[in-house]
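Chemist: Sequence:
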Amino acid sequence: MRDYFQKDLGIKVYREPIEINRGGKKIFLHHGDGLALNDLGYKLLKIVFRSKFTIWLFSLLHPDFAARLGKYFSRSSRNHTSTKNYGEADGMLQFAKKKISSGVDFVLMGHRHNSLNHKFLNGTYINLGDWITERTFAVFNGKNFQLKKWK
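So the sequence shown is numbered by my numbering: it starts at 1394 and just counts up by one.
No lab work stands behind these hints, which were simulated from the structure alone. As the structure is a prediction and not an experimental result, all values here were calculated from the model. Treat the hints with care, since some could be wrong.
[As the list claims (entries may be wrong)] Okay, derived cross-link-like pairs now, PhoX-like style, lysine-lysine, Cα gap no bigger than 25 Å in a straight line:
1) 1439 - 1419
2) 1445 - 1491
3) 1512 - 1405
4) 1541 - 1419
[Claimed, not checked] Between beta-carbon pairs, the in silico distance windows are:
5) 1439 - 1402: 16 to 26 Å
6) 1535 - 1447: 34 to 44 Å
7) 1543 - 1511: 29 to 39 Å
8) 1434 - 1414: 32 to 42 Å
9) 1441 - 1410: 18 to 28 Å
10) 1431 - 1496: 20 to 30 Å
11) 1414 - 1460: 12 to 22 Å
12) 1399 - 1440: 19 to 29 Å
Note that the Cβ used here is the ideal one computed from N, Cα and C, for glycine as well.
Full structure from sequences and hints, please.
Modeler: Set out below in structure tokens:
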């Protein structure tokens, strides 16, 4: 990505989780990667994909080939995670519960490719799913989030 999103699209990219306040509500935003339990394969891939050397090598590829390679890994990831049933043993759900227990009202994450709107205690954990197959997104009305699907 480098500075493409910010420079060309005007979209700020946060590389680390952040907490924001909107309408008096504490909202914690996190991609969710690295939080799933028993996901050693992803954790190893993350080390490889985020290394400066790998990023440099990838930048040497022709854009057409790089795009195809990126789509391949993205599709493989979606296919792998969408077939898993994480249930209550989900590390992302456990992480969200801890954040909500500490006073956060909403925890929004992605990474799993399966949408989820889970209310517990005094808060809500939303997993946004993915844009490619589920086409899900969340809307904040100033008080609550609603998980919606693009038609």
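Chemist: All the hints need checking, so say for each whether the structure fits it.
Modeler: Evaluation of the provided hints:
no. : hint                    : in the structure
1   : 1439 - 1419             : violated, 28 Å
2   : 1445 - 1491             : violated, 32 Å
3   : 1512 - 1405             : violated, 29 Å
4   : 1541 - 1419             : holds, 21 Å
5   : 1439 - 1402: 16 to 26 Å : holds, 24 Å
6   : 1535 - 1447: 34 to 44 Å : holds, 42 Å
7   : 1543 - 1511: 29 to 39 Å : violated, 21 Å
8   : 1434 - 1414: 32 to 42 Å : holds, 36 Å
9   : 1441 - 1410: 18 to 28 Å : holds, 22 Å
10  : 1431 - 1496: 20 to 30 Å : holds, 29 Å
11  : 1414 - 1460: 12 to 22 Å : violated, 37 Å
12  : 1399 - 1440: 19 to 29 Å : holds, 25 Å
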